[in-house]
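J.: Sequence:
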Amino acid sequence: MQETPTITAAEIARLAGVGRAAVSNWRKRHEDFPAPVGGSATSPEFDLAQVERWLHAQGKLPDLATADRLWRHLAATSTSPAAGLAAVGTRLLARHHGRRPARSTDPQLTPLLPDVDALADELGPQGAFDALWQRFSAPGPGRAFATPDDLADLMAGLADVGGGAVLDPAAGTGATLRAAARAGCTSAYGQELDSDLAQLAELWLALRDVPGEVSTGDSLRADAYPGRTFDAVVCHPPFGASNWGDDELGHDPRWIVGTTPRTEPELAWVQHALAHLRPGGHAVLLMPPTVAGRRAGRRIRAELLRRGALRAVVALPPGAAAPHGVPLHLWVLRRPPADAPPPARTLLVDAADLTRVLDTWRAFVADADVDEPGYARAVPVIELLDEDVDLTPARRQPAVAGEASGEHLVRTRERLAAVVADLPALMPQVTPAPEDSRSGFLTVGELIRSGALQLLGPIRGVPGGGGEPTGDGRPVLTAPDVVTRSEPSARGGSLGQEIPLVPGDVVVPVIARQLTALVVSTEGALLGPGLYLLRPNPAVLDAWFLAGQLRTSTNERQASSLSGTLRFDVRRAQVRRVSRDEQGAYGEAFRRLDAFESAMRQAAALGAELVRLTADGLARGAVRPDGERR
Numbered sequence: 042m043q044e045t046p047t048i049t050a051a052e053i054a055r056l057a058g059v060g061r062a063a064v065s066n067w068r069k070r071h072e073d074f075p076a077p078v079g080g081s082a083t084s085p086e087f088d089l090a091q092v093e094r095w096l097h098a099q100g101k102l103p104d105l106a107t108a109d110r111l112w113r114h115l116a117a118t119s120t121s122p123a124a125g126l127a128a129v130g131t132r133l134l135a136r137h138h139g140r141r142p143a144r145s146t147d148p149q150l151t152p153l154l155p156d157v158d159a160l161a162d163e164l165g166p167q168g169a170f171d172a173l174w175q176r177f178s179a180p181g182p183g184r185a186f187a188t189p190d191d192l193a194d195l196m197a198g199l200a201d202v203g204g205g206a207v208l209d210p211a212a213g214t215g216a217t218l219r220a221a222a223r224a225g226c227t228s229a230y231g232q233e234l235d236s237d238l239a240q241l242a243e244l245w246l247a248l249r250d251v252p253g254e255v256s257t258g259d260s261l262r263a264d265a266y267p268g269r270t271f272d273a274v275v276c277h278p279p280f281g282a283s284n285w286g287d288d289e290l291g292h293d294p295r296w297i298v299g300t301t302p303r304t305e306p307e308l309a310w311v312q313h314a315l316a317h318l319r320p321g322g323h324a325v326l327l328m329p330p331t332v333a334g335r336r337a338g339r340r341i342r343a344e345l346l347r348r349g350a351l352r353a354v355v356a357l358p359p360g361a362a363a364p365h366g367v368p369l370h371l372w373v374l375r376r377p378p379a380d381a382p383p384p385a386r387t388l389l390v391d392a393a394d395l396t397r398v399l400d401t402w403r404a405f406v407a408d409a410d411v412d413e414p415g416y417a418r419a420v421p422v423i424e425l426l427d428e429d430v431d432l433t434p435a436r437r438q439p440a441v442a443g444e445a446s447g448e449h450l451v452r453t454r455e456r457l458a459a460v461v462a463d464l465p466a467l468m469p470q471v472t473p474a475p476e477d478s479r480s481g482f483l484t485v486g487e488l489i490r491s492g493a494l495q496l497l498g499p500i501r502g503v504p505g506g507g508g509e510p511t512g513d514g515r516p517v518l519t520a521p522d523v524v525t526r527s528e529p530s531a532r533g534g535s536l537g538q539e540i541p542l543v544p545g546d547v548v549v550p551v552i553a554r555q556l557t558a559l560v561v562s563t564e565g566a567l568l569g570p571g572l573y574l575l576r577p578n579p580a581v582l583d584a585w586f587l588a589g590q591l592r593t594s595t596n597e598r599q600a601s602s603l604s605g606t607l608r609f610d611v612r613r614a615q616v617r618r619v620s621r622d623e624q625g626a627y628g629e630a631f632r633r634l635d636a637f638e639s640a641m642r643q644a645a646a647l648g649a650e651l652v653r654l655t656a657d658g659l660a661r662g663a664v665r666p667d668g669e670r671r
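With the working numbering applied, the sequence shown covers 42 to 671.
No wet-lab data here; the hints were simulated from the structure. One or more hints might be untrue.
To be verified - Between beta-carbon pairs, the in silico distance windows are:
(1) G291 <-> P541: 44 to 54 Å
(2) R140 <-> G648: 35 to 45 Å
(3) P666 <-> D412: 21 to 31 Å
(4) S236 <-> R70: 40 to 50 Å
(5) V581 <-> P155: 26 to 36 Å
(6) S639 <-> P378: 28 to 38 Å
(7) A462 <-> H138: 47 to 57 Å
(8) R348 <-> P465: 49 to 59 Å
(9) P465 <-> A646: 14 to 24 Å
We put the CB at the ideal spot given by N, CA and C, even for glycine.
Can you build the whole structure from these sequences, using the hints too?
T.: Right, dumping it as structure tokens:
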């Protein structure tokens, strides 16, 4: 522990709510600005108390929220920010479970406990931890690299984690486990070398009542789950490790496709993930691009292909994750069932953005045609088993034919024009309402007690996963399906109970990055894990009116949040008190607004595709400017 809390120039800027340039100017113009007490000439550190006194005397110190004040002192007085947050998180978890927190023996932490308790009183234990986590995870020197949320969500979707038990053997700060929770996993397990980060990831799960644990240790050398299998594995392993235990693990039973070469540590993680999958389960790993083509890994790559274990390689755009200058890859693997013939093709995708990847993967799994010049190709395995076994997607894509590219561009432009033309008709017509016409609110809990609606779910999967499928393969609606307005993407998983969906049901994710609600329009699917199902009495409540009321910013603010993740208690949501006759008009407006939002999302995707195709077509000579201004 540091005896004197210190603060950097960047942290001073955040403390005062100004840019870093302003702090530099203060140091130059004010002789009484506190002198550095540590750090270096290029990255000085200042005494926190001295800086606070100076800012206050100059009238430059804003009134700090409890979370900001607590985090500043916590980060400055702890041996590491992660350790300090873990200590506070343990206290908050005790409060979450209704237990008296243990008395702190840390002399640096004890003075901060009143602020910890005040923050928990204000935001609740979950909200307090989230507020501190947001400050801990903000980018900055010395901060742990976290897998970005959009990439972690993609990995969870590719692994089809909904309704099953998930493992991340290199959990880090828990980004992929949080994504798995958002996607509706039934339990989440992890292992992480850094004990503080492992504790933080486990605290996040525990504060959201997600079953599981995050163990501390080296997954390759000291596997915390030997012999145990999971429904899915998602992992962002360390890259380029030189001392990963190859000399100790030469004949490890996890090497199911052969001994991993010393210079291929990432392939050791691939085999570790496969060894922990149940037959038929999927693993998704973030990999450096060199693993796809290094000569030392040819034998392992070839065996993965022959056995049908490697199902896809997706090249991501630069900047998708750290290191940001490197176009990383996603490897999608499957533990082949014992009696299944190996697939004849492997999907290779060269993605310019992340938005299309999941749909392309799902189409490939459904045996649809996914080949698109310059983007995706289902490559025959026999073609990949050449001398190099190079799996780099760009090297297996055929040259973009000028005519085909031009035709595709024209079709995309026509589709975009059609969607944009429909937008004005989809926008609901609204006018300002008189102030005295606004009515009061009821909570969903009150509506349930009055009999106006029924609450079903959320359901849990069968503990441990890997059980026999229920529902004889019926489609299952998942949380990502609700968010993206997609058709039910899962099939009869290991569900703890079957709840058939009927038209008029309103489905809301328990955990998501943005509060949303879906009105079910067709029957036949089952409710997946991690979803609330609200079944309104149609004589009392209009389904579209209810869905529109649920997704308001007021209700979103009541949800606890963590780095873009919301946990929603639907019983506390507010619904405006409106007569049943009036609800119909509001419901129709909400329905049109939902259709407008979907069309806007489609227009954005088509617009991005049109930009890419036009740029490629002009550069390759597949299209040319027509010379007319319109």
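J.: Next step is simple, just say for each hint if it's right about the structure.
T.: Evaluated hints:
1. G291 <-> P541: 44 to 54 Å: Between G291 and P541, where Cβ atoms are some 52 Å apart, the hint holds.
2. R140 <-> G648: 35 to 45 Å: Given a distance of about 53 Å, which is not inside 35 to 45 Å, the answer is violated.
3. P666 <-> D412: 21 to 31 Å: holds, 29 Å
4. S236 <-> R70: 40 to 50 Å: holds, 45 Å
5. V581 <-> P155: 26 to 36 Å: violated, 47 Å
6. S639 <-> P378: 28 to 38 Å: For S639 and P378 the Cβ distance comes to about 37 Å; the hint holds.
7. A462 <-> H138: 47 to 57 Å: At 55 Å between Cβs, range holds.
8. R348 <-> P465: 49 to 59 Å: Since R348 and P465 have Cβ atoms about 54 Å apart, the given range 49 to 59 Å holds.
9. P465 <-> A646: 14 to 24 Å: holds, 20 Å
In summary, the numbered hints that this structure violates are 2, 5.
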